[in-house]
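Colleague: Residue numbers (the working numbering), protein chains in the order written: chain A, 1 to 338; chain B, 1 to 337.
It should be emphasised that the hints constitute simulated quantities derived from the structure, not laboratory data. Ideal placement from N, C-alpha and C gives every residue a C-beta, glycine not left out. Hints are supplied without guarantee of correctness; some may be wrong.
Stated by the list, open to error - SDA-like mimics (lysine to any residue), calculated; alpha carbons at most 20 Å apart, straight line: (1) B/K87 with A/L232; (2) A/K123 with B/P66; (3) B/K319 with B/A198; (4) B/K86 with A/R253; (5) B/K131 with A/R253; (6) B/K87 with A/G18; (7) A/K248 with B/D245; (8) A/K248 with B/M129; (9) A/K248 with B/P64; (10) B/K87 with A/T119; (11) B/K92 with A/R124; (12) A/K334 with B/H159; (13) B/K20 with A/S83.
Claimed, not checked - What follows is a list of derived Cβ distance ranges for each label pair: (14) A/I335 with B/E133: 28 to 34 Å; (15) B/Q84 with A/Q203: 50 to 56 Å; (16) B/D292 with A/S226: 48 to 54 Å; (17) A/I326 with B/E89: 42 to 48 Å.
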Amino acid sequence: MVKHILKRLVLLLPTILGVVTLVFFMIALAPGDPARVMLGERANAAQIAQLRAELGLDEPLIKQYGLYLSRVVRFDLGKSITSGQQVAEEIGKLFPATIELAFMAMIFASVLGILLGVTSAIKRNTWVDYTTMGGALFGVSMPVFWLGLVLIMIFSVWLDLLPTGGRMNIRYYFTPITNFYVIDGLILLFKEGTAKYLVSAIQHLILPTIALGTIPLAIIARTTRSSMLEVLQQDYIKTARSAGIREKRVIYRYALRNALLPVITVIGIQFGLLLSGAILTETVFSWPGIGKWLYVAIGARDYPSVQGGIIFISVFFVLINLVVDILYSVVNPKIRLQ
Amino acid sequence: METVKQETLLEIDNLNFSFKTQRGLVRAVRDLSITIKKGETLTLVGESGCGKSVTAHAINQLNPMPPGRVDSGRILFNGIDLLQLKKGEIEKMRGTQISMIFQEPMTALNPVFTVGSQIADVFMTHQGMGKDEAMARAVELFHLVKIPAPERRIHAYPHQLSGGMRQRAMIAMALASPEPGLMIADEPTTALDVTIQAQILDLLGDLKQQIDMSILLITHDMGVVAEMADRVVVMYAGRKVEESDVNSIFNDPRHPYTLGLLNSLPSNPKYKQAKRLEAITGTVPDLLTIGDGCPFANRCAYATDICRSSFPSMSEINKDHSVWCHNHESVKREKAQ
Ligand SMILES: Nc1ncnc2c1ncn2[C@@H]1O[C@H](COP(=O)(O)OP(=O)(O)OP(=O)(O)O)[C@@H](O)[C@H]1O
Ligand SMILES: [Mg+2]
């Protein structure tokens, strides 16, 4: 098992190298002069020459690539053109917000999706099943930004129940500790005995979580349903029933444990895809995370930031895959015991 | 067999079971009556699709319902009609008084749990044991079904065991019941190779000596019948066509279909005499379009007009042997020649 994990970790390196290479050449080989593109139409020749020198664009391509690699290895992703800050530092400050939202959305989507999928499967071809699967179809076809706006309209504007955006009530003059606000809220709950930060953090998370989690929720529910239906046909389910195991246990232990195998894979893929959804969600909900930052960077043609953001997201994606892989082998003894 | 006044354990009384499918109503079991006495091994024989498993699953209600449906009949177990029980009540019967072994040891055990924990779960469900005690009991059962190195094997996953071992583990699981009354074994050896088959049958025979239980053994192999059965019920296309104690049916088979089954036994030259019966030709009728006549008529060398229009009533050959065939006398005459 440990060996398996170590092997997978080593295998990550070429994948990440591939991503970095791709990101580098994507920008380097993009049509037009990056310096001109970055500075816009009205820049003069001297300004462009200066930026080209700064960015090392006059060196041969292969040397640029080598330099880029050696910097990335040291977590040096260059300076943002718009803010002048180190890209790696900016990412370091912003990623907790994104991760927090992504995790919430995934927990929301996985727990509810599996529950709905199982219920649909055992109540198959009843109105419960039709309603759930109809809802799931509606869920996958809904654009994230539109859903976000509808949620804001209903819950913030009309009902005035939840905030329209941000991560924390601004009147709290809150200084983050870990930058994961839920964790910060918990820390403060224990240290200062006040729950208001935690409550506010959660209130701010609810709508973006739903907006971001709805598509994965729908996909997970549908995968769970079909996987469950297949597993429930298996002989070993009949065996468990014939031995008098209670129906609840047959479903939630004997069947679900097997049905989860494909679901875990789907959860992993959805988690990775979530980050692209995060760009839209963060923009709609003014969520100060990587997504919104990347959206701004793309608009400003801030190439170092875009490159850094893509590398970060890709590494995140690859790591999620690793976790999925490990989870998969925990659930499936055939792989674990190889 | 000689104990005439044995108590009845299970009585299936005029069972009709059908499946509602997209193509129409499949009448999988028709007017079937079977009685199993305490301590008896009854074998249910017949070719694929004749309704053996549906019959067995009707007992502990494992047929999918819907599409399955009991049209009529009763299934009395120790005098209680199982078909009248509520869902929770039948759940309690399963694994306590009625247990089951399946055909495919490959697929009948859950791949993501160790065999030991699956058996322990049965103990924990029915007898409220803790995990450790249940595991200890599972080890005992592994001893009983002669699995070598049980302390180690108990922690194996199904895919780590051979087919024979898996079937032994299945049997152990079926024995994890507090008061084994009826063990239903649905073709327990069909998927195994010949030497392992013999071992598993021996094991079942041994266990029956040690544990006071009845066995409903489903098979399509007359060799298995000869080895295991006290009594035999032959089914064809959902109907019972012959019923007998094991000696009488081998000595004096009366249904042309039974005769065909015996003829296909390689080790039985005795039945080779009736040349035209060596192999059963033709195919099983479609249960959807089957009429009211004898379902075997279209393949039967003895068939006469009446066979196609009405299903025969029972003819008693002797007190332990009955047949449902219009022409069973001709079967007897031909064999005598
Ligand atoms: N779930 C179901 N839906 C529809 N028809 C079914 C279903 N289960 C069984 N049947 C039908 O009932 C009939 C009897 O099937 P059964 O499984 O009892 O056969 P069997 O005698 O056990 O055969 P085998 O030796 O292959 O196990 C078959 O024609 C089958 O098509
Ligand atoms: Mg069968």
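Colleague: For every hint, state whether the structure bears it out.
Modeller: Now for the hints, and whether the structure bears them out:
1. For the given pair, B/K87 sits about 18 Å from A/L232 by alpha-carbon distance, which is consistent with the 20 Å threshold.
2. Restraint check for A/K123 and B/P66: satisfied, since their Cα atoms lie roughly 12 Å apart, inside the 20 Å limit.
3. The hinted pair formed by B/K319 and B/A198 fails the criterion: a straight-line CA distance of about 31 Å is larger than 20 Å.
4. A distance of roughly 23 Å separates the Cα atoms of B/K86 and A/R253; the hinted pair therefore is violated under the 20 Å criterion.
5. Of the supplied pair hints, the one linking B/K131 and A/R253 holds, its CA atoms being roughly 16 Å apart against a limit of 20 Å.
6. Taking the CA atoms of B/K87 and A/G18, the gap is about 58 Å. The hint is violated against a cut of 20 Å.
7. A C-alpha spacing of about 42 Å is found between A/K248 and B/D245, which places the hinted pair above 20 Å, so the restraint is violated.
8. With a C-alpha separation of about 19 Å, the suggested pair A/K248 and B/M129 falls inside the 20 Å cut-off, and the hint holds.
9. Between the alpha carbons of A/K248 and B/P64 the distance comes to roughly 17 Å, so the proposed pair stays at or under 20 Å and holds.
10. Distance hint between B/K87 and A/T119 is fulfilled; the C-alpha atoms sit about 19 Å from each other, no more than 20 Å.
11. The hinted pair formed by B/K92 and A/R124 fails the criterion: a straight-line CA distance of about 25 Å is larger than 20 Å.
12. This hinted pair checks out: A/K334 and B/H159 have alpha carbons roughly 7 Å apart, not beyond 20 Å.
13. Restraint check: the Cα-Cα separation between B/K20 and A/S83 comes to about 70 Å, which exceeds 20 Å; the hinted pair is violated.
14. Range check, A/I335 to B/E133: Cβ separation about 31 Å, and the 28 to 34 Å hint holds.
15. The beta-carbon spacing between B/Q84 and A/Q203, approximately 55 Å, falls within the hinted interval of 50 to 56 Å.
16. The supplied range of 48 to 54 Å is broken by B/D292 and A/S226, whose beta-carbon atoms lie about 41 Å from each other.
17. In this structure the hint that A/I326 and B/E89 lie 42 to 48 Å apart at CB holds, the actual value being about 43 Å.
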